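Number of protein chains: 2
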Amino acid sequence: MQYSSRYLEDLVERLALLPTIGKKTAQRLAFHLLKTDEQEALALALAIQRVRTEVGVCEVCGNIAETQPCYICGDARRDKSVLCVVEQPGDVVAVEKSGAFRGQYHVLRGALSPLDGVGPEDLRIAELSRRLDEGGIGEVIVATNPTAQGEATAHYLHELLSARELRITRIARGIPVGADLELSDQVTLARALEGRKEMD
Amino acid sequence: MQYSSRYLEDLVERLALLPTIGKKTAQRLAFHLLKTDEQEALALALAIQRVRTEVGVCEVCGNIAETQPCYICGDARRDKSVLCVVEQPGDVVAVEKSGAFRGQYHVLRGALSPLDGVGPEDLRIAELSRRLDEGGIGEVIVATNPTAQGEATAHYLHELLSARELRITRIARGIPVGADLELSDQVTLARALEGRKEMD
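From first to last, the protein sequence lines stand for chains P and U.
Taken in order, the first sequence gives residues 1 to 200; the numbers are from UniProt numbering.
Taken in order, the second sequence gives residues 1 to 200; the numbers are from UniProt numbering.
These are computed hints drawn from the structure, not numbers from a lab.
Some hints could be false.
Same chains, same label: a pair holds when it works inside one copy or across any pair of copies.
[As the list claims (entries may be wrong)] DSS-like mimics (lysine-lysine), calculated; alpha carbons at most 25 Å apart, straight line:
no., residue 1, residue 2
1, 97, 80
2, 97, 24
3, 97, 35
4, 24, 80
Here the structure is a predicted model, which means the values were calculated and not measured.
Just chain P, same shape as in the assembly (with noise of 0.2 Å):
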């Protein structure tokens, strides 16, 4: 035992499961969890839990929602015709951050990847072309990430969705091309957003 307590050694070895943690910055963590305010600790472990037992999946989009539908299908001053297709849920919240997008949201769960076995059918595709059967949608814009994959997702639905009639949009690579939408600053996000440019 590297440690004093095997429960500090637990927890280190917890912290250095998680992405960016390594064993280092884990110990520095687990002492410093040890050391704070006993409730902003234990606030910590709550949250964990909470988000694991109570936050699901809007049936709607596909985002991260506690309630059904989440709070942007539910929002009654959202643009409804324009609907955003994206990978994951951070996509989501970097899109809102930016500022630049008021309609809704349509949550993808990844990109289309055949060398991981990922395809149509492990992506919520169905539930998109379900939507989209509803009617009311005017325009798509296709969000993936400009990285192999999500090219490739944005190919297929474009491919998937050229009968219907519908505008079918695919942001401006104003974002770096190899770069996570996640991570791009809102300057750049907006300018992707006002750019998009007509699929062909």
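Position chain U against the provided structure of chain P, taking the given hints into account.
Relative to chain P, chain U alone:
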């Protein structure tokens, strides 16, 4: 609300309170905790709770412990005549990892820092004197950090303990193994020169 769930928002905010974790990393960790295996996420929450509810302080050495005394103080195979005095529990972990010490520890739980209002009575120095009063200790290795506060603490301990029949030593300060002389700061280099030893 930036996120589609206030529980998610709460988790991001609480993670961002941790040292070295910025807002973007906090968001990434929160999404990871939402997506990862549920048992893994809940185990992390439990690990945080347990270090705050089950883990205490060893009454002998002041280290983090879940038993009284801690497993190091209770280990009969360790040399009870040498005491290594460190600032924090993390320093015990570092010295243990070096594998170069098989004695006992005394954790001060800080260093003297008059500007921050930290005096001798705020550290576990009275407990150190009581341990020395009990006898059996022949050497005290002062292993506080080679910082202004650590040096001040080392100096204070030397003054306090010099009347006792004890060997009082200070860990060597010099160039770190594997480091570049050219890139070392002047103070470290001066210390390394002062602390030079005969080659044999």
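Structure-based check of each hint:
Taking the shortest Cα distances, residue 97 and residue 80 sit within 25 Å of each other inside one copy (19 Å), while across copies they are farther apart (60 Å). Within a single copy, residue 97 and residue 24 get their C-alpha atoms only as close as 32 Å, which misses the 25 Å cut-off; across copies the closest is 13 Å, which meets it. Taking the closest pair of Cα atoms, residue 97 and residue 35 come within 25 Å of each other only across two copies (22 Å); inside a single copy the shortest separation is 34 Å, beyond that limit. Within a single copy, residue 24 and residue 80 get their C-alpha atoms no closer than 48 Å, and across copies no closer than 30 Å, so neither meets the 25 Å cut-off.
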